[in-house]
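Chemist: Required output: the full structure, derived from the provided sequences and hints.
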Amino acid sequence: MTSTSTASAVPASSQTSAPSGPSTWRVRTVGVLRRLGTAAVTLLIAVTIAFALGRLSGDPVGNILGPMAGQEQRDALRADLGLDQPLIVQYLDYLKGILTLDLGNSLQFYQPNRTMILDRLPYTLQLVGAGMAIAILVGVPLGVLAATREGTWWDRAASTLALLGQSIPVFWLGMMLVLLFAVKLGLLPAGQSGSPQHLVLPAVTMALYPMAHIARLTRATMSEVLREPFIDSARARGLSRSAVVWRHGFTNASMPVLTIVVLQTGTLLSGAVAVEYVYSWPGLGQLALQAIQFRDFPLVQAIVVFGAVVFVVLNQIVDLLHVIIDPRLR
Amino acid sequence: MSQLDSKIATVTASEPMARAPRRRRTSVFWLALPLGVIAVLVVFLPMTGLLHDPGQTDLGNTLAPPGFLSGGSWSHPLGTDKLGQDVLAQLVEGGRLTLFIGLVGALVSIGPGTLMGVLAGYFRGWVDVVISRLIDAQLALPFILIALAIIANRGSSLPILFLVLALTGWAPCARVTRSVAMTVRERQFVLGLRAAGASEARIVLRHIVPNLAGTIVALGTLQVGTAILVESALSFLGLGIVPPDISWGAMLAAGQDVLSRAWWVALFPGLAITLVVLLVNLLGDALLTHHDPRKRRH
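From first to last, the protein sequence lines are chains V and B. Residue numbering for the first sequence follows the working numbering, beginning at 1 and increasing consecutively. Residue numbering for the second sequence follows the working numbering, beginning at 1 and increasing consecutively.
Possibly wrong hints are sitting among the right ones.
[As the list claims (entries may be wrong)] Label pairs and their calculated CB-CB ranges:
{"hint": "1", "chain 1": "B", "residue 1": "217", "chain 2": "V", "residue 2": "88", "range": "38 to 44 Å"}
{"hint": "2", "chain 1": "V", "residue 1": "111", "chain 2": "B", "residue 2": "33", "range": "54 to 60 Å"}
{"hint": "3", "chain 1": "V", "residue 1": "164", "chain 2": "B", "residue 2": "130", "range": "46 to 52 Å"}
Note that these hints are calculated values from the structure, not bench results. Given the structure is predicted, the values throughout are model-derived calculations rather than measurements. Where a beta carbon is used, it is the ideal one built from N, C-alpha and C, also for glycine.
Modeler: Shown next, in the form of structure tokens:
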């Protein structure tokens with residue numbers, strides 16, 4: 001799956017682009033502009049899916065108020081949420097809200113959803129940033145190690161570790177780390193946030209899955225690059241082993257790895273929900289869970305839209321990087 | 001016509017088999033065997049009467065340690081949970097539901113995924129443009145967001161869980177089947193079929209889809225692992241399977257509450273998930289390599 005999932009970064013249309021003429025800034029700008037257009041369409045579809053999931057799966061009012069609520073109460077809430085309007089009006093209001101960065105108000109906290117999301121965001125970013133840093137610092141060397149020693153014991157160990165990382169439920173690993181380092185050994189705090197020590201266990205937990213992904217992809221790409229003639233030529237010129245592997249090898253393998261790093265950052269945001277729950281980390285994921293428990297429908301929808309926008313933007317950044325760096329895609 | 005049809009089909013179908021290296025098939029067997037054993041165990045073990053009733057509570061014997069620890073007794077080999085229920089019996093009972101969810105979850109995402117992928121890859125043109133845009137947009141929405149959006153509205157239940165699995169799983173399958181369908185349609189025998197006057201529906205159903213079968217089986221296998229992980233995460237958060245129903249994910253949710261006092265409640269279901277998903281992933285990888293010559297190493 002590793003190598004196929006990178007393909008998602010490049011939409012179908014990109015493979016059919018015409019061979020470019022003389023490389024001028026205009027060709028490049030047209031390529032970038034076309035990508036921005038695609039990005040806008042993808043964003044619109046994703047936001048529409050989020051809307052459809054919220055509306056077509058049924059009337060949330062009954063779920064929010066419970067079976068005891070009277071008809072009057074239901075109608076009042078329905079009017080309050082704008083659910084009494086025709087679907088098309090609701091949809092246009094929803095799009096207008098997104099364009100004006102107004103994500104509505106929470107039913108439970110009586111605050112604008114935007115404020116609450118922005119309050120919690122730094123915590124989640126901290127977790128995602130630290131987790132991704134660990135994933136890169138461990139995953140890349142692990143993948144390179146496996147590729148340079150292809151077929152050896154090292155390779156098998158690194159590959160097994162990577163596959164294991166993709167098979168463990170992340171939150172369960174978190175629980176086991178809490179058990180070992182907090183409950184049994186008493187070395188690190190088990191939950192909450194505040195000090196750098198509080199960040200260690202959640203960050204390591206978050207890192208595992210992307211680390212495994214990065215390691216597998218680095219290994220696959222590197223083992224292909226290392227078979228290229230220019231590697232032999234670099235070696236023949238008497239360059240040191242590390243210069244051949246890192247400067248000539250890894251530089252050429254870094255594009256797919258960069259792609260997966262950006263894409264996995266998105267996946268990390270989604271893994272953050274369970275990890276934040278295990279460690280009582282006050283991020284966006286916890287906010288989403290609270291919102292669901294209290295049936296705070298507007299807040300859930302705001303978080304879903306926010307997440308969708310972040311994801312599409314990350315995906316499109318990958319695409320743009322490809323277009324800017326790789327001349328064949330223009 | 002039908003003679004040519006079947007002859008071409010035989011030739012194309014036998015092609016990958018002839019090239020398949022023997023070693024691959026044995027490794028597939030050795031990965032599938034333990035999975036089969038686990039499936040047989042969770043299905044038939046409760047019928048033997050050797051296990052406790054997984055729902056039977058015993059408030060005088062809560063959080064009893066496993067048999068191999070001091071203070072534990074072998075009547076509860078893996079200990080008991082906070083209601084005094086036998087962890088081993090729960091593990092077997094939860095395994096049934098978890099494996100069932102894995103299988104059905106894979107089927108409901110493979111079905112629509114293959115359909116969309118084949119339509120896009122075979123017919124190309126505007127069909128492809130529309131479906132590709134949908135795939136991109138769907139892949140841009142991670143499962144947790146889709147799950148939150150639906151569960152916030154409808155609450156959690158087994159059908160909702162399958163809906164979440166279908167909505168999140170179809171796009172990766174569609175993307176892969178699309179690209180394989182695109183290469184199959186360029187092969188000579190499709191041209192031959194067209195020249196012989198075969199209808200589009202016949203080409204797709206009788207020739208394109210069978211040629212995709214290997215890829216579909218491999219994708220479906222990997223999807224079983226994904227479905228099990230998604231189920232466990234959602235149940236752990238209280239958004240999937242909830243008591244009194246038992247799944248491995250729901251057991252982990254119960255284990256979280258008593259983690260510092262009784263680690264065995266959370267340890268064993270987690271190990272079970274990891275083992276099954278690891279085997280499924282290895283099997284899926286082996287099958288994918290088996291059916292994709294580009295990925296085969298010589």
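Chemist: Within 38 to 44 Å: is that where the Cβ-Cβ distance between residue 217 (chain B) and residue 88 (chain V) falls?
Modeler: holds, 43 Å
Chemist: Regarding residue 111 (chain V) and residue 33 (chain B), is the given constraint of 54 to 60 Å on their beta-carbon distance met?
Modeler: holds, 56 Å
Chemist: Just tell me: holds or violated, for the beta carbon distance of residue 164 (chain V) and residue 130 (chain B) against 46 to 52 Å?
Modeler: violated, 39 Å
The structure fails hint 3 only (numbered hints given earlier).
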